[in-house]
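Enquirer: One letter stands for each residue in the lines below.
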Amino acid sequence: MNGLVLGGTYALLGIGLTLIFGLMNVVNFAHGEFYTLGAYAAFATLAGLGGGFVAAVLGAIVCGALLGGLTERVLLRPLRGESIDTTMLVMIGVWIAMQNAELLVWGGVAKSIPHPFPTEPLVLGPVAIAPLRLFVMALAAGLIAASYLLIHRTKLGRAMRATFQDAETAALMGVKIARIHTVTFAFGSGLAAAAGALLGPVFLAYPSMGDLAALKAFSVVILGGLGNLPGATLGGLLLGIAEELGAGYVSSGYRDAVGFVIIIVVLLFRPSGLFARQERIG
Amino acid sequence: MTRAARVLGALLALTLPFWLQNPYYLHVVIMAGIFGVLSLSLNLLLGYTGQLSLGHAAFFGIGAYTSALLTLSLAWPVWPAMLAAVALTALSGWIIGRLALKLRGAYFVLVTISFAGVVSLVSVNWMELTNGPLGLPGVPAPALGPWSLRTKTAYYYLVLAAVALSYLVCARLVNSRIGRAFLALRENEPLAESVGVDVTHYLVLAAVVSAGLAGLGGSLYAHYTRFVSPEVFLFTYTVTMVIMVVAGGKGTLAGPLVGALLFTALPEALRLATSWQWQMLAYGVLLLLLVYFLPRGIVPALRGLRGRRAS
Chain A
1 MNGLVLGGTY
11 ALLGIGLTLI
21 FGLMNVVNFA
31 HGEFYTLGAY
41 AAFATLAGLG
51 GGFVAAVLGA
61 IVCGALLGGL
71 TERVLLRPLR
81 GESIDTTMLV
91 MIGVWIAMQN
101 AELLVWGGVA
111 KSIPHPFPTE
121 PLVLGPVAIA
131 PLRLFVMALA
141 AGLIAASYLL
151 IHRTKLGRAM
161 RATFQDAETA
171 ALMGVKIARI
181 HTVTFAFGSG
191 LAAAAGALLG
201 PVFLAYPSMG
211 DLAALKAFSV
221 VILGGLGNLP
231 GATLGGLLLG
241 IAEELGAGYV
251 SSGYRDAVGF
261 VIIIVVLLFR
271 PSGLFARQER
281 IG
Chain X
1 MTRAARVLGA
11 LLALTLPFWL
21 QNPYYLHVVI
31 MAGIFGVLSL
41 SLNLLLGYTG
51 QLSLGHAAFF
61 GIGAYTSALL
71 TLSLAWPVWP
81 AMLAAVALTA
91 LSGWIIGRLA
101 LKLRGAYFVL
111 VTISFAGVVS
121 LVSVNWMELT
131 NGPLGLPGVP
141 APALGPWSLR
151 TKTAYYYLVL
161 AAVALSYLVC
171 ARLVNSRIGR
181 AFLALRENEP
191 LAESVGVDVT
201 HYLVLAAVVS
211 AGLAGLGGSL
221 YAHYTRFVSP
231 EVFLFTYTVT
241 MVIMVVAGGK
251 GTLAGPLVGA
261 LLFTALPEAL
271 RLATSWQWQM
281 LAYGVLLLLL
291 VYFLPRGIVP
301 ALRGLRGRRA
311 S
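Chains as they are written, first to last, in the numbering used here: chain A, 1 to 282; chain X, 1 to 311.
Do not rely on the hints blindly, as some may be mistaken.
As the list claims (entries may be wrong) - A partial selection of chain A residues facing chain X, derived with a Cβ cut-off under 7 Å:
(1) D85
(2) G93
(3) A101
(4) A257
It is worth saying that the hints were derived from the structure and are not from the lab. These numbers come from a predicted model, not from an experiment. A virtual CB, placed ideally from N, CA and C, is assigned to each residue, including glycine.
With the sequences and hints as input, model every part of the structure.
Expert: Written out as structure tokens, the structure reads:
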């Protein structure tokens, strides 16, 4: 069960990252920082403003999307067409800067995010689960479903898919590529922030929490194949469960090694991801 | 560089401890030297073959741990331990190179990051070998016959020799047939392959030498600070190396050294001015500025300036 809770949020992280990579060809090393931002935004909404949990997640999404859009507009747009290494370095810079800005604003001490749920576990037949975790899982599933709807059912989503397949042709058909890039980055960052807001109350919020999250996001994306949405969703769930099993059966110290090992093994043997039907970019 | 400038630079480097009396400044220069070795090592991969490795902290750490463990647990003298550290990291560079250099771009980067992550987790969790997060204190300082190289001045000369050695190794390699093969791979891999450059062979070679040099840097670090903990695997070290190479000028021999000197001294100067968080924040912003305004690095920019004046 815990695997599913983790997996749902990993999937959110992975979807955001995979979209950004697939569409913009940018390896977003700052992805984990948007996750951290989400957790702190949720903390501010819940503890500072006294809003509800749903409001906190929404607040986190808005914060993440705004900052993500801004990052794309200011830093990445002038570099469109530059090599992937250049944008990668820029994102590393953003990552360091954001992490230390968070450290300055919030301090290095881990914060526990208050949540309005009872701590008594809910017993459903053979499984017991904390209500908070159940809620997190439900919200994550809702957000994943919403992303699918956005991408497959709206005009914006169609423009995004068109850009993904062939940016030049899409541009000829009247899609404003620059705007799509900004929206995509904002969308991906919003999802990462949502993941942070969801997992923040389960664990603790601290400035370097994003490092591991980014790593998880990368393993999810690689598991599913870069730029592959259903792959990222399944990959997230798989990673969550694999980690729980790894922590349970091997050693909890090596829990985070699962992600690394997955990256190495998958890249060496199936570089296009487990669920890829055709070769993708890269 | 003109001949006079070279001689002047060499004289400056050789006599530095005599006019730089402040031990703190000397410490900064020693660290700059260690980072110089590391940047030269990374530059071989990033600058000459065009492969960005974000796992270099792993080689640095493996070098540091090998040296520390051999001298502490097996009571080896420092010099063979240092050699063993270089050999072991070169070997791990060979393994990683064989495996990962089938991949390119973002995929290669991710494998190198993961490798560093796994090694780092092992260093934290394998208590029996590494003493976990507590680290290994009391790593001995090297000795030359009866003289211990414990003082900062002595260690400065050791590091200087290591930098010179690494520089010569890189220079020999880069200015040879092998170096031209590296450049050909960087510029156009399919073309290079079509004229008979064995891609994997040369890339793995670059990875082996690069890893070995990083191991040397790690070993120097271990015997200088006399303490090794899992912190040597921190991603910050990798990022620092990347910044130094990119800022100094990747694909030049002097660039990494200039970058190492600048980016060891700069944070120290910033530290005097502000707190640690601001220092790292400034680091991130500086990296951004560099990519936008000096995308090719300081050394090539200076050369370009001089070239324009001459013409």
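Enquirer: Now tell me if each hint is right for this structure.
Expert: We went through each hint and held it up to the structure:
no., hint, result
1, D85, "holds, 6 Å"
2, G93, "holds, 4 Å"
3, A101, "holds, 6 Å"
4, A257, "holds, 5 Å"
The earlier numbered hints are all upheld by this structure, with none contradicted.
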